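Respectively, the protein sequence lines represent chains A and B.
For the first sequence, the working numbering gives the first residue as 1, with consecutive numbering after it.
For the second sequence, the working numbering gives the first residue as 1, with consecutive numbering after it.
By construction, these hints were calculated from the structure, which means they are not laboratory data.
Take the hints with a grain of salt, since some may be wrong.
Here are the simulated SDA-like pairs of lysine to any residue, each with C-alpha atoms no more than 20 angstroms apart in a straight line [as the list claims (entries may be wrong)]: (1) B/Lys10 with A/Lys129; (2) A/Lys129 with A/Met153; (3) A/Lys129 with A/Glu70; (4) A/Lys26 with B/Asn105; (5) B/Lys10 with A/Tyr81; (6) B/Lys17 with A/Met153; (7) B/Lys10 with A/Met83; (8) B/Lys17 with A/Glu84.
Computed from a predicted model, the values in this text were never measured in an experiment.
Each chain, letter by letter, is given below.
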Amino acid sequence: MSETIIAEKQNVIIKESINGMISSIKSVIPANLSFNPPVLIQKDYHQSDLGVIIGITGDFSGQILIEGEETAFNSIAQVMYGMELEGEMLESFVGELGNQISGHMVTTLSQNSFSLNISPPTVIVGKSKYTAFKNAIKLSVEVDNNRFNILFMTAKEM
Amino acid sequence: MKILVTDDAKFMRMQLKDILTKIGHEVVGEAENGEDAIHKYNELKPDIVTMDITMPERDGISALKEIKKSHPDANIIMCSAMGQQGMVLEAIQNGAKDFIVKPFNATRIKEAIDKFL
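Take these sequences, add in the hints, and give me the full structure.
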């Protein structure tokens, strides 16, 4: 395959991944959600309180970061499981949320003949800076007046 | 029923334990990865195992194969966020008795467990 065809395929996968991600979030989080238009990020990214990283391999390689304030994740835990969480249990929930959202996205994309796999989640607690990517697409989601962000990070050109 | 719960997320183990206990079953052990599940299966001989797939150290499909190799009668229910057709097929072909896609609810868990009563 030529480099141009590979790059085009990457862009199709990224576009499909964002659509798959939106449908995945809607099916995993049973709440009124609003999605802001995706934006391209090409500089360092600073995480708020809490985040989870999931590695993606297969037709597309990169990482998904889901991050936000604790209050945003607590709102999500409240709508999904009807409970307030804190400390270790909130962190574990955030890891599982990352796993469920990414798992659903990969499942949706498999229906369009894309073959992707996900790694176990790594939870990152506290404000952090991410530098190990060339390009990222950020999708911001509002839930109950709280916002969380999803980034598709890749070392490849877009 | 004596049940072994396998999931790398403590939160999910808590959720499953809560649901299973409320519907009258006993969670005899918790495993946090596939390797742990194999050891705990041999040690506890549960009636049923719930098995996540994406886990560190050893994934759930590999643990399923290993447990079934030495215990062909083992009752293993996969419980994963990954629901691709190929993944479900691989699990069932390797002896999984059911495949629950997360997020789940108590009704779906009960339906899967009731098949063994």
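Right, here's what the structure says about each hint:
no.	hint	verdict
1	B/Lys10 with A/Lys129	violated (26 angstroms)
2	A/Lys129 with A/Met153	holds (13 angstroms)
3	A/Lys129 with A/Glu70	holds (17 angstroms)
4	A/Lys26 with B/Asn105	holds (16 angstroms)
5	B/Lys10 with A/Tyr81	holds (15 angstroms)
6	B/Lys17 with A/Met153	violated (35 angstroms)
7	B/Lys10 with A/Met83	holds (15 angstroms)
8	B/Lys17 with A/Glu84	holds (18 angstroms)
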